[in-house]
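Q: Sequence:
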Amino acid sequence: LTCSARLMVQPSVQPLFTRKLEDVDVVEGRTARFDCMIKGKPLPDIMWYKDGELLEESSHLSFVYEDNECSLVVLGAAEPDSGVYTCTAKNLAGEVSCKAELAVRAGTGGLLLPAEGDGEEQPSGLCRQVCPWEDQGQAVSAAGAAHPLAAGSRAHRLLPRRLREEECCHHGHGAVSSECCPGSM
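Counting in the numbering used here, the sequence shown runs from 204 upward without gaps.
In case anyone wonders, no lab produced these hints; they're calculated from the structure.
Backbone N, C-alpha and C define an ideal beta-carbon position, used for all residues, glycine too.
Where hints are given, some of them may not hold.
Simulated restraints on C-beta separations [to be verified]:
| id | residue 1 | residue 2 | range |
| --- | --- | --- | --- |
| 1 | Val267 | Ser207 | 42 to 52 Å |
| 2 | Asp270 | Glu304 | 23 to 33 Å |
| 3 | Asn271 | Val212 | 47 to 57 Å |
| 4 | Lys223 | Ala281 | 39 to 49 Å |
| 5 | Ser265 | Cys206 | 43 to 53 Å |
| 6 | Arg308 | Arg209 | 54 to 64 Å |
| 7 | Leu295 | Thr221 | 18 to 28 Å |
| 8 | Ser265 | Thr221 | 16 to 26 Å |
| 9 | Pro245 | Val276 | 20 to 30 Å |
| 10 | Thr205 | Ser261 | 19 to 29 Å |
Between the sequences and the hints, there should be enough to build the whole structure, so can you do that?
A: What follows is the structure, encoded as structure tokens:
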């Protein structure tokens with residue numbers, strides 16, 4: 204009686220970032236997301252740090268792993284979330300890290316309008332609505348539509364619907380706004 208077996212040993216490959224983290228700038232209350240891609244054999248363990256402190260998943264922080272893509276999602280970012288974030292990948296063959304900064308800035312308190320030349324031309328007698336708004340807190344009017352900033356982009360810009368002069372020039376305060384309705388002052 205004889206027995207034989209074949210053993211195939213695959214060499215370990217040190218982790219390597221094929222796409223590194225990039226700095227993120229986000230308005231307070233919005234979602235911030237860090238993405239990177241990594242390869243290695245065996246598949247590396249991933250750890251996330253903020254300012255050198257190990258992070259744990261929570262209702263505020265989410266770790267997303269899909270194939271070789273690793274993401275850290277910060278829900279409802281606030282000023283204390285600002286800092287340097289590090290993704291560390293480790294396996295039997297080694298360890299690598301990459302860093303990026305999150306800057307959380309205060310909200311503008313108003314509706315973001317398209318950059319000049321960015322939107323459609325406005326026919327005479329129409330204007331853009333400028334008003335306070337909220338997002339996750341509630342009440343962004345369905346009048347606006349979110350449009351991607353670039354093809355395939357996760358970032359969007361809210362383009363408000365255009366209103367007739369009588370709808371927008373008084374802003375509910377009885378005062379006519381020359382920025383909204385030129386020639387009405």
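Q: Sort out which numbered hints this structure fails and list those numbers smallest first.
A: 3, 4, 10
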